[in-house]
Structures are given as C-alpha cells and as structure tokens.
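Okay, here's what each chain looks like letter by letter:
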Amino acid sequence: NAGVMQNPRHLVRRRGQEARLRCSPMKGHSHVYWYRQLPEEGLKFMVYLQKENIIDESGMPKERFSAEFPKEGPSILRIQQVVRGDSAAYFCASSHMNTEAFFGQGTRLTVV
Amino acid sequence: EDQVTQSPEALRLQEGESSSLNCSYTVSGLRGLFWYRQDPGKGPEFLFTLYSAGEEKEKERLKATLTKKESFLHITAPKPEDSATYLCAVGQGGSEKLVFGKGTKLTVNP
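Top line first, the protein sequences correspond to chains R and D.
Sequential numbering of the first sequence, starting at 1, is according to this note's numbering.
Sequential numbering of the second sequence, starting at 1, is according to this note's numbering.
Hints may be right or wrong, so weigh each one.
These stretches of chain R come out as covered by chain D in the derived footprint (C-beta under 8 angstroms, 3 or more residues) [said to hold, decoys possible]: (1) 31 to 44; (2) 56 to 62.
When the alpha-carbon atoms are kept at most 30 angstroms apart in a straight line, the in silico DSSO-like pairs for lysine-lysine are as follows [to be verified]: (3) K63(D) - K44(R); (4) K27(R) - K63(D); (5) K102(D) - K59(D); (6) K69(D) - K44(R); (7) K79(D) - K105(D); (8) K59(D) - K27(R); (9) K63(D) - K79(D); (10) K69(D) - K102(D); (11) K44(R) - K105(D); (12) K44(R) - K57(D); (13) K44(R) - K42(D); (14) K68(D) - K44(R); (15) K102(D) - K44(R); (16) K63(D) - K42(D); (17) K59(D) - K44(R); (18) K71(R) - K42(D); (19) K44(R) - K71(R); (20) K42(D) - K105(D); (21) K68(D) - K57(D); (22) K59(D) - K79(D); (23) K105(D) - K68(D); (24) K69(D) - K79(D); (25) K27(R) - K71(R); (26) K42(D) - K27(R); (27) K105(D) - K59(D); (28) K69(D) - K105(D); (29) K102(D) - K62(R); (30) K105(D) - K63(D); (31) K42(D) - K102(D); (32) K57(D) - K27(R); (33) K51(R) - K42(D); (34) K44(R) - K62(R); (35) K42(D) - K62(R).
For the record, the hints were derived by calculation from the structure and aren't laboratory data.
All C-beta atoms, glycine included, are put in the ideal place defined by N, C-alpha and C.
All chains should be built: construct the whole structure from the sequences, respecting the hints.
Set out below in structure tokens:
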C-alpha cells in the first residue's frame with residue numbers, strides 16, 4: 001500500500017514564476033492537508049481539502065497561493081509569482097476522518 | 001490560540017541513556033495529541049496518538065504519556081538509530097488541522 005506521494009521532491013523556480021506541487025493521498029484516504037516548514041520553524045498548517053472542496057484554508061496566504069483536490073487526480077498546491085520567502089519544504093498529508101494523518105516526503109521549493 | 005511548546009530544543013544522549021522529551025500544550029477541546037518522528041530531508045513519520053489524560057502508548061523503546069497540560073515521550077535505552085527530530089502536535093475538536101511544536105532534535109551517540 002503506497003504511502004502519500006509527493007512530486008517533485010525538489011523544485012527550483014526563479015522569482016516571478018509559478019510553482020505547482022502535487023500530492024496523491026494514501027489509497028482510501030479522502031482528506032488531504034498541506035503544511036509548510038520553514039528552516040528552524042515548525043510545521044505550519046496551510047489548507048485542508050476533501051474531494052472538490054476546500055474545508056479549511058485558514059493557514060493559506062491571502063494572495064498567490066491556491067489549492068485544489070479534484071474529483072480525479074492528485075491535489076495541487078499552486079504558488080503564483082514566487083518570491084524568495086516562499087522557499088520552504090511543503091508537506092502533504094492524508095487521513096480518514098478523525099484519524100491520524102500520514103505525511104509524504106515533501107517538496108523542497110527553492111526560489112532563486 | 002492553540003499553542004505547543006517542546007523542550008528541550010536539542011538533546012544529546014549516550015547509547016543506553018534513557019531520557020524524556022516534553023510537550024506542553026494549550027488547546028480548547030483536545031481532539032488528540034500526536035507524536036511524529038522526522039529524519040533529515042524526510043516527511044514526519046507517525047508514532048502515536050493520545051486522546052485523554054492518563055493514556056499511555058508504547059512502541060519498542062518509546063513510550064508516550066498524556067496529562068491535561070503536557071505529554072512526555074520517554075525513550076528507554078536509546079540506540080543511534082533513534083536519532084531524529086521528534087515532533088508533537090495537537091488537534092482541536094471540530095478541526096482537522098494540527099498545530100505543531102518546533103520539535104526536539106535527539107542525537108544518540110554510540
């Protein structure tokens with residue numbers, strides 16, 4: 001049973017470009033979460049999605065960031081017009097309702 | 001606002017030297033307290049969920065306990081392969097998101 005799959009593992013973007021991060025949840029999981037981890041900081045919640053619905057986006061920056069979890073295919077975290085401060089590790093997690101979340105290996109975004 | 005504070009920030013142990021990591025939390029309506037292990041360059045690996053004060057869970061050399069204000073992760077006779085950052089997180093009732101502490105970086109020397 002494959003775990004949470006994230007790709008790419010590493011992504012380099014120039015300032016002003018768009019970054020697309022993908023996440024396929026564990027088989028049978030319908031809840032997807034995105035977290036961001038900055039150097040020397042803890043994991044910070046960004047957004048919680050179920051299929052075709054954003055349930056909680058209280059941790060998402062108001063501008064440039066968006067997330068989706070379509071009926072078919074992986075969840076996507078999209079960052080438009082990236083800036084140096086967006087450089088971080090982005091982790092996706094998935095779960096059943098009210099159970100522990102399992103994390104992927106992360107996408108390390110570097111903005112140059 | 002939910003808060004999670006982990007101490008110490010870093011801990012160095014000799015192989016076989018038992019110790020405990022602390023996680024203090026404030027949350028309105030605890031849904032669960034979660035412990036994860038994170039190796040460098042990897043994603044967090046789930047260890048335990050604790051739901052109510054007095055609960056304890058064990059896995060190999062690790063034992064997690066919970067009170068109304070804090071949780072401890074006890075490590076008995078650690079080995080070098082236990083070296084990692086240990087993360088504590090709380091979930092609030094009515095919300096699926098987790099609030100994480102900054103972690104304790106554990107190094108076990110042979």
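Violated hints, by number in ascending order, as checked against the structure: none
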